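Given chain S, work out where chain A with the ligand should sit, using these hints.
Here the protein sequences line up with chains S and A, keeping their order. Heads up: the first sequence begins at 1 in my numbering, then just goes up one per residue. Heads up: the second sequence begins at 154 in my numbering, then just goes up one per residue.
Just so you know, the hints here were simulated from the structure itself, not pulled from any lab data. Watch out, some of these pointers could steer you wrong.
[To be verified] Over the 10 Å line for every Cβ pair with chain S, so calculated as not near, a few chain A residues:
1) V214
2) G316
3) G490
[Stated by the list, open to error] Which stretches of chain A does chain S cover? Using the computed rule of at least three CB atoms under 8 Å from a CB of chain S, they are:
4) 217-231
5) 300-309
6) 329-338
7) 395-407
[What the hints assert, rightly or not] In silico DMTMM-like pairs for lysine to aspartate or glutamate, Cα to Cα no more than 20 Å straight-line:
8) A:K409 with A:D274
9) S:K52 with A:D274
10) A:K367 with A:D542
11) S:K52 with A:E432
12) A:K186 with A:E433
Note that the structure is a prediction, hence the values are computed from the model and not measured. Each residue gets a CB set at the ideal place from its N, CA and C atoms; glycine is no exception.
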Amino acid sequence: MGADIPLVDYLVLGDDPHLEANECVACGARFFDRRNACASCGAINSDGSGFKRVELPATGELTAFTIVSFAAPGIDVPFVAGVVDCGGTSVRANIVNVSPDPEHVATGMQVSFTTFGIGEDSEGTEAIGFGYEPVDEELRITEDATEKAEANS
Amino acid sequence: MSDVAEASSSAGATSQTGAASDQMWIVGIHMTKFGKRPDDDVVDLASEAALGALADAGMTVKDVGVLAAGNLMYAAHGVGQMLQKQIGQTGIPVYNVVNACATGATALRTAIMSVRSGEADVGLAVGVEKIAGAGLLSGGSRASDSPTWEASGRFGAVAPIDGRIGTEIMPGVFAQIGMEYGHRYGGADFELFARISEKNHGNSVLNPLAAYSKAMSLEQIMGDVMIAYPNTRPMCSANCDGAAAAVVVNGATLKKLTTEQQRRAVKISASVLTTDPWEEACQILPNVNTLTKNAAATAYEAAGVGPQDLDLVELHDCFATAELVHYDNLGLCSEGGAVDFFESGAPFRDGSMPVNVSGGLESKGHPIAATGIANIWEVATHMRGEAGDRQIEGAKVGLAHVIGLGSACGIHILERAA
Ligand SMILES: [Zn+2]
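Next comes chain S alone, as it looks inside the complex:
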């Protein structure tokens, strides 16, 4: 069995999985991708010192979402895609462990960070993805509940 690997490099695994943004030292703008310079203020990042890694809070507010019915092979549909405002930093993510319908998902809902396996490669390394699930336990579907529902059906 291999070790785990994060789906993207801004997902930090370990005991306390979380996201880290690249924050511009000069202006505070935050990004998730590798930076050549800052798109907000233009500060150059030639030696890597122009940005610092900052940890994002584990909870946030859903500010926009859609429920996607068509996707590439390997992606289960329907799924909820959205934008989560994590203490002033917006994050793109799927909203998981929730029934993917407009009766159970709404903008303004509080969500919290979670991780899950998305598959193993040929060497047994598991890739770990992330998403956000409802804070409200009444809206949250746990794996146990899903299994129970399937067993009952």
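Relative to the frame of chain S, chain A with the ligand by itself:
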């Protein structure tokens, strides 16, 4: 002192439009039938539009001094030169342009800038696309297909992130843009977005060039296949084939044309292109708002008109959810007032500010690079009083808007000649 101030402020205005002495005009314009055109290739469509626009202008290809050709799908092939090889290799400069869904507007603006700069007296802009039957268009972030996880790309992704970290499909991106507006200001729900689509499909009945000229009931729209909530299939722009072209001239050239040509000329009061300035979240969910607001402000200032002066607007309803936010972005309503604006009936064809009387991209169709000239054709045709059954009576001023995700916004304001 005041002379200096005036000179510098007018210099600012001329940067996107031109002073009265080099006012730019559309003297010929044409849009092909949009839809499935299986027997026509991309050059057939471009030729039809270009020759149509030249005939409308009373000119031939020999009069043209510069060609700007917009196309997305064959961008690497030089569609401008492919077109020349059919309709006339006259040796003039050709600019092949690509700017996502703003490609057509960018081609037009390129021809305008070239003529304004003095490079040519007559410019031809063409936008053409052949995408009937294309599936969902997405941003397409992909990682390698290696048998072991291997980080690649700017996010160090070990697997494709589209669908795993949000969505990149266009119906989903624009769904979120509409939902975000609703979150901020309230009142926008599935039914409201569907009613916007109902309006546009209703308008398409009067447009014989639309890909789909069929009214749809609210029940049909809401009950159709859900693509990305709240956008069902009829709430998405239709991928189709089509082309549009325009002939532009400067004021000096216009004066040499016949009275009839001058009478039908349409004044280009503003031609503006913007990109999205950096804001928090803009690289998470594309922000189509600020660059449209910026373009609108520049265009209104350059044209010396305000939203209240507009007789009709063709805006980029690539999805029903997008139309709502652009009511606000173009200043057609007060900030946050887009839902009330729609509820008031203003954007209906018999309302105070008709929007997308062509049927919009949801029914007229969206052959990407053609769209940014086709919407100019729609507005220009109303300015000329030649829009037939769907003519907005007495239309004097109109605005055409496109957004290319990534992002680019093109706005043109047109005015009747006299
Ligand atoms: Zn910065």
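Non-interface claim for G490 (chain A), where every Cβ of chain S lies beyond 10 Å: holds (19 Å)
Cβ contact check, 8 Å cutoff: the region 329-338 of chain A against chain S, three residues minimum: holds (count 6)
Holds or violated: K409 (chain A) to D274 (chain A), with C-alpha atoms at most 20 Å apart: holds (11 Å)
Per-stretch coverage check for the region 395-407 of chain A, three Cβ contacts closer than 8 Å to chain S: violated (count 0)
Consistency of the no-contact label for G316 (chain A), given chain S and a CB cut of 10 Å: Label violated. Min Cβ-Cβ 3 Å, cutoff 10 Å.
Verdict on chain S covering the region 217-231 of chain A, where coverage means 3 or more residues with a C-beta closer than 8 Å: violated (count 0)
Proposed proximity, D274 (chain A) with K52 (chain S) (alpha carbon, max 20 Å): With a Cα-Cα distance of about 53 Å, the restraint between K52 (chain S) and D274 (chain A) is violated, given a limit of 20 Å.
20 Å limit on alpha-carbon distance, applied to hinted pair K52 (chain S) and E432 (chain A): holds (19 Å)
Chain S versus V214 (chain A) - minimum CB to CB distance exceeding 10 Å, so not interface: holds (43 Å)
8 Å C-beta test of the region 300-309 of chain A against chain S, three or more residues: holds (count 7)
Agreement of K186 (chain A) and E433 (chain A) with the hint, judged by alpha carbon distance not exceeding 20 Å: violated (41 Å)
Satisfaction of hint between D542 (chain A) and K367 (chain A), Cα-Cα up to 20 Å: Cα-Cα ~15 Å, so holds.
Going down the numbered hints, you'll see the structure goes against 2, 4, 7, 9 and 12, while the others check out.
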